[in-house]
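Trainee: Going by mature numbering (1 follows the signal peptide of the UniProt record, and there is no 0), the letters in the sequence shown line up with residues -26 to -1, 1 to 263, in that order.
A hint or two may mislead.
Straight-line Cα separation of at most 25 angstroms, DSS-like style, residue types lysine-lysine; simulated pairs [to be verified]:
| # | residue 1 | residue 2 |
| --- | --- | --- |
| 1 | K61 | K133 |
| 2 | K124 | K176 |
| 3 | K181 | K210 |
| 4 | K243 | K77 |
| 5 | K25 | K181 |
Hints in this document: simulated from the structure, not taken from any laboratory.
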Amino acid sequence: MNRKNILIFTLIISAISAVPANFVKAQEDQPKVISAICSKPPQGITTNELKPYVLNEKEIANVFGNYSNEIEKLKLHSGYYVFDNEKYGLEASDIYVLISLGKRNSTGYGINVASVEDVEGISKIAIQETKPSSNDMVGESITYPYIIVKFQQGTQNVKVITESETELSPLVNSSELQEQNWTDIQARLNVPINKEWLITFKNNILKENISDDTIYVRDSRGYKVAVDLTVGDDNKTVKVTPADKYEEGQTYYLFVSKTTNSQKDSTNKIKGYRMAFNILGDVTIGDVE
C-alpha cells in the first residue's frame, strides 16, 4: 500500500472530560445486564409494551420480494433500517424494522428480540445476539445475520439497543451528514477511488469495540458504505478500507463515533468525529467554463 495514499489524523480523545470506556479501558468483569435494557422507566413516563413479530424467510420474500437487492445491501452492515410504508406498500398501522449484526465469520449467529416498548413516542427495541457454543457444529463461511421485525401501535422513531446497552446506528441517515453534534475534521478532496484511511488514537483501543457501529462511512444519500476495519498491532490505529471502490466524483463521510457506556457524561453532547471526502473524478472539456 502506498503510504502517500494514507492519511493519519489523531483523535484527541483525552481532551474530553468523560472519555468513553469503549475507546480507552474496559471495565473488568462487568456483567451483561439484560434487565437494564428491559427495565421500566421512572414513574411519570408513558410506556406501552408492544408485541413484536419476526418475519420468516418466506414472509420476507412475500412482503419485500421486489426489494431483495436492497435488503441484501442493507444487511451487510451492523445497524437498523425503518421501512417507509408508502415506498414499500405496507399497511399504515404496521412498523417494519430491519436489524442486522454485520459480518460474522461463521454460521450459528442470530438475533433475538427481548422487548419492544413505546416510550414517549420512541419505539425502543431491545435485542440479544445469539452465538454458537463450543459444542455447536458451524460452517466456516461469512454470514450476515439479520431479522425484520414487525409491530403495531409504535412509531417510526426507532432506537435499537443491544444487551450491552449499545445503541445501533441507522443504516440510512441523511440527517447525520449535517448534524451539529459531531466534531468536523477538515474535508479531503480528490482522493483515490480505493482510498485507505488510517485513524490513529492517542490511547489504546479494544478490538471488540471497533465495528461499523463505531467507525463507518456514509455516501451522500446517508447510506452506509461497506468498509473493512483493521486494528493495528499497536492497538492505537484502525485502517478503513473500502470493500468496493468508491464512485468517481462522489462525496462520502467518514464517522468515528463514541460508544455508549455505563458512565455517560450528560454535559458532553458530541457524538464523535466526522470527515467529508470527495473522490477524484475525470474532468472533460465540457465541464470547464
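Trainee: Against this structure, judge whether each hint is valid.
Mentor: Hint-by-hint comparison with the structure:
no.: 1; hint: K61 to K133; result: 21 angstroms, holds
no.: 2; hint: K124 to K176; result: 43 angstroms, violated
no.: 3; hint: K181 to K210; result: 10 angstroms, holds
no.: 4; hint: K243 to K77; result: 30 angstroms, violated
no.: 5; hint: K25 to K181; result: 35 angstroms, violated
Hints 2, 4, 5 from the earlier list are contradicted by this structure; the remaining hints agree with it.
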